[in-house]
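Student: Letter by letter, the chains look like this.
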Amino acid sequence: MTSLHHVAQAERDAHRARYEQLRAEGQGASKQALPTVTARSQPLPTGALLHHEVVPGGWYHATRLIRGETLRIVNTTGTSTVSLMAWSVADTSERLHLADTMKIQWSISLCKGRVLYTDMARVALSVTEDTSGSHDAIVGPTTPASMQATLGPGAWRNSRDNFLAAAAKLGLSRRDLHPCINFFAPVSVGAEGHFSWRTGVRAVGDFVDLRAEMDLWVIVSNAGHPLDPALAATPGHIDLMRFATPPSPPNDACRTGSPEAARAFKLTQRHLRNVTTEHAA
Amino acid sequence: MTTPSRIALSATHAVLNEVIPARTPWSHVLRRGQTLRVIDTEGQQALDALFYSHPNTAERYSVQDTLREQGAAYIALGTRLISNEGRLMARITADSSGRHDTLAGCCACESNAVRFGEATKYQHSCRENFVLELGRHGMGKRDIVANVNLFMNVPIDTAGDFAVVDGISPPGSYVDLVAEMDLLCVFSNCPQINNPCNDFNPTPVQVLIWDTASD
Chain A
92 MTSLHHVAQA ERDAHRARYE QLRAEGQGAS KQALPTVTAR SQPLPTGALL HHEVVPGGWY
152 HATRLIRGET LRIVNTTGTS TVSLMAWSVA DTSERLHLAD TMKIQWSISL CKGRVLYTDM
212 ARVALSVTED TSGSHDAIVG PTTPASMQAT LGPGAWRNSR DNFLAAAAKL GLSRRDLHPC
272 INFFAPVSVG AEGHFSWRTG VRAVGDFVDL RAEMDLWVIV SNAGHPLDPA LAATPGHIDL
332 MRFATPPSPP NDACRTGSPE AARAFKLTQR HLRNVTTEHA A
Chain B
874 MTTPSRIALS ATHAVLNEVI PARTPWSHVL RRGQTLRVID TEGQQALDAL FYSHPNTAER
934 YSVQDTLREQ GAAYIALGTR LISNEGRLMA RITADSSGRH DTLAGCCACE SNAVRFGEAT
994 KYQHSCRENF VLELGRHGMG KRDIVANVNL FMNVPIDTAG DFAVVDGISP PGSYVDLVAE
1054 MDLLCVFSNC PQINNPCNDF NPTPVQVLIW DTASD
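If you read the sequences in order, they're chains A and B. Residue numbering for the first sequence follows our numbering, beginning at 92 and increasing consecutively. Residue numbering for the second sequence follows our numbering, beginning at 874 and increasing consecutively.
Bound conformation, chain B alone (with noise of 0.2 Å):
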């Protein structure tokens, strides 16, 4: 493992520096020990993250196991991302921001329907993203488990009332998660326009990738 050293985490060095557009998905193997840095270029725009083991993607990312493991609700710093298997697949070593969500799933045209009106029904979602992506790895709607939302702040009071509520990632907002374990990313960059999770606005997310552990 290498030193820990932010100079080596320059955009120079990284092997993947991409654009994600708003409103579309986008999937890459993340090799063991690698980093993947997520920034919120914009600030306030969720990105709904889907986690495989590669080849073997029928161990995937676990809300459950994750946060049982962790004792508690909220993904950020140090989180250790844990799969059905309960075997560890990622740590979060950086994060800007805070608090991330893992609890409030992704948005789907169907889903809309209920929370927003019948109208909001033809409107682009995650879940569209997703089995498009997913169809590319030989996946379906089967396989859309509960995700992570990065930069999407979903707090749960003391009364049990939850709610997705306006971001707290100013523009630039970066999350960094080392691989433990080849992962196939699936993401989603969120369409919603209905709640505050993009601030009613979707706008892109960049993606850079470096060969070392950052930490």
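Just chain A, with the same shape it has in the complex (with noise of 0.2 Å):
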């Protein structure tokens, strides 16, 4: 047993007194301080693409992105919700973490400036481009009974399954899952916590761009939303295209945008500094 030791009134005060500092911060400044949606006719850097990969409705697609590659995912006919997770390449068990990406930034939004945390605070991915800003990180991917509950009886193809098996052939297993992030998902939170969809959000050509801070494995899924009132049992196909950017500015709106991303950079930068990776620093 533990002894039990108080915390003296005047160290609570303080800790009060700096997370109210933070905390107004975080959805002040560092909020206002956001970057406007990317227009959709945004090209790719010329001359920077590594791959050009359609995924049909659907199905999946496994990549490794290595740190200052960039991920853009297209909504090509705009009927996509695009669920996402990632792993660290140099250790599976540092994997995106949307509870502390969320606490992190004071905000259950994902859009252009923001960062994608690990489970160890590290930043995986930024959100260099965004031309919604419509992205949902709570209600999870589609599975055998969400798929049901919508189109009844059938063994429709679902997101849940898609990451078991891109998974596997990453020597992954079902333990290894985390909560999934979903693109071109406009879910709104109303004053009880009850989810509901935006509809006439997504767009085509909706895209994001996600620029990887460490190498990582992605997993990509095309299989629908949830909460999607026209979801089908086969989305249009999307695109994703893998470029080279270079690794992230000491000025980059991500990196400056909040003083815990500017910490978190840091931290991870001397993390990857003792971490073999395949470019050159």
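Quick caveat, the hints were computed from the structure, so don't treat them as lab data. Note that the Cβ used here is the ideal one computed from N, Cα and C, for glycine as well. Warning: the hint list may mix true and false statements.
To be verified - In the DSS-like style, the derived pairs of lysine-lysine whose C-alpha atoms are separated by at most 27 Å in a straight line are:
#, chain 1, residue 1, chain 2, residue 2
1, A, Lys122, B, Lys994
2, B, Lys1014, A, Lys260
3, A, Lys357, A, Lys122
4, B, Lys1014, A, Lys357
5, A, Lys357, B, Lys994
6, B, Lys994, B, Lys1014
To be verified - Just the calculated beta-carbon pair ranges, DEER-fashion:
#, chain 1, residue 1, chain 2, residue 2, range
7, B, Leu950, A, Lys357, 35 to 45 Å
8, B, Asp1034, A, Val292, 16 to 26 Å
9, A, Arg155, B, Ala931, 20 to 30 Å
Unchecked claim - Some, not all, of what chain A presents toward chain B, calculated at C-beta under 8 Å:
#, residue
10, His106
11, Tyr110
12, His188
13, Met193
14, Ser198
15, Ile199
16, Val230
17, His285
18, Pro317
Mind docking these for me? Both chains are given alone in their own frames, and the hints should help you get the complex.
Tutor: Quick look at the structure:
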């Protein structure tokens, strides 16, 4: 049994004051400084394309992103939600952590200028471009149960099974699957916590650019969203473009967007110096 | 199934009655049909909770399956805790405080350093508790899934703002959970002193178990 040490009142007051200051900044200045959405017409940097993958509706794709590479995910037909998981190549017990991603950024909203954290509070991915700002980190992937609830009895393709299959091919198992992010998923949370889907928000050609800040295994699944009122057994295809970008420069919007991000990039950088990577740092 | 009875759930009939001291981990296998009560004895104390199917721990609590099925973001009376295999693990059958979190995760030395500054890195945290307790059951860091935070208040406003705020659990607040499968419960009585989840002052939590379902 640990002895109980009640914290002195002065220390409690100091911690509360610091917390309220951080919260005011996180939900004030940091939020207001977020960049505006990207134009759907913005092209890839010339000559940077490394690979273009077309993922049919209902299917998945696994790829390794090297630090400094960016993955563009395009909602080509406007009918897709793209679910994503990611792990550190160097140590797959380090993986995307959506609770910390929301908590550290004081928001459930993911958009251009935000970053996605790992469970070690390092930066895995930066959201460097984003045309919609309408993504969901809460409701999770389609599953056999969610598909049957929407479409009736049947062995429907779904993101849960896609993640299991794709992870297995990386030597990972169900124990490694973590809560996923759903891109192109305009989910709102009401006053009492109830979810709703904002119709008319997704559009043809919406895309998001995710820049790898460490070497990552990434799985994306193109198999719908549980709350999508227009959910089809087979959504349209999506386009994935992996392209070369420089590692984030010191004045990068994601790196400087908040005091938390600045600290996280610094700690990530310090860690990666000790990890062998395939590119010249 | 027995008839619900408040009298039956008295401390004298409990098959387990323990205090989890402030800042410490705890684990126990709850059998199907048993009721677990967690009491926030001094008030405003977060308890971070992980649940695994016993003995097949690859099946475990899933925040996204749970929230998708209930269509709402908070844990409250009537919430059905769902596993990663889409199966019912447990039900919340009583709740004196009204709202609990399952989206804000657990504290860790590493995230504390990013959230509150590097000076807070060398402070005890829930992840330390979880890896130590999970290790006793043959599990490790990758088995720490998104957890339930009993008595932790993390409202989401309509602008999407999200923050841990002061708890709404006065001293003696309690939550009852009935197991719908054999459940390994792994808890961390949260040591966090950098945000309001414990009123900046970690305190003990009491757990009781009865052999009957509370409803």
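Student: Evaluate each hint against the coordinates.
Tutor: Going through the hints against the structure:
Distance check on the hinted pair: Lys122(A) and Lys994(B) sit about 25 Å apart at the alpha-carbon level, within 27 Å; holds. Pair hint Lys1014(B) plus Lys260(A) holds up; C-alpha atoms about 21 Å apart against a cutoff of 27 Å. Using a Cα cut-off of 27 Å, the hinted pair Lys357(A) and Lys122(A) holds, with the two alpha carbons roughly 21 Å apart. For the proposed pair Lys1014(B) and Lys357(A), the alpha carbon gap of about 23 Å is at most 27 Å, so the pair holds.
The hinted pair formed by Lys357(A) and Lys994(B) meets the criterion: a straight-line CA distance of about 14 Å does not exceed 27 Å. Among the hinted pairs, Lys994(B) with Lys1014(B) is consistent with the structure: their alpha-carbon atoms are about 18 Å apart, no more than 27 Å. For the pair Leu950(B) and Lys357(A), the supplied restraint of 35 to 45 Å holds, since their beta-carbon distance comes to about 44 Å. Between Asp1034(B) and Val292(A) the beta carbon distance is about 20 Å. The supplied range of 16 to 26 Å therefore holds.
One distance hint, 20 to 30 Å for the beta-carbon pair Arg155(A) and Ala931(B), holds here, with the actual separation near 25 Å. Given the 8 Å rule on beta carbons, the hint for His106(A) holds: about 5 Å separates it from the nearest Cβ of chain B. With 8 Å as the threshold, the beta carbon of Tyr110(A) comes within range of chain B, its nearest partner Cβ sitting at about 5 Å, so the hint holds. Given the 8 Å rule on beta carbons, the hint for His188(A) holds: about 7 Å separates it from the nearest Cβ of chain B.
A cut of 8 Å between beta carbons decides the hint on Met193(A): the least distance to chain B is about 5 Å, and the hint holds. With 8 Å as the threshold, the beta carbon of Ser198(A) comes within range of chain B, its nearest partner Cβ sitting at about 5 Å, so the hint holds. This hint holds: Ile199(A) has a C-beta 5 Å from the nearest C-beta of chain B, less than the 8 Å allowed. The closest approach between the C-beta of Val230(A) and any C-beta of chain B is roughly 5 Å, which is under the 8 Å cut-off, so the hint is satisfied.
Restraint check, His285(A) versus chain B: the minimum CB separation of about 5 Å is within 8 Å; hint holds. The interface hint given for Pro317(A) is met, as the beta carbon of that residue sits about 5 Å from the closest beta carbon of chain B, less than 8 Å.
Of the numbered hints stated above, none is contradicted by the structure.
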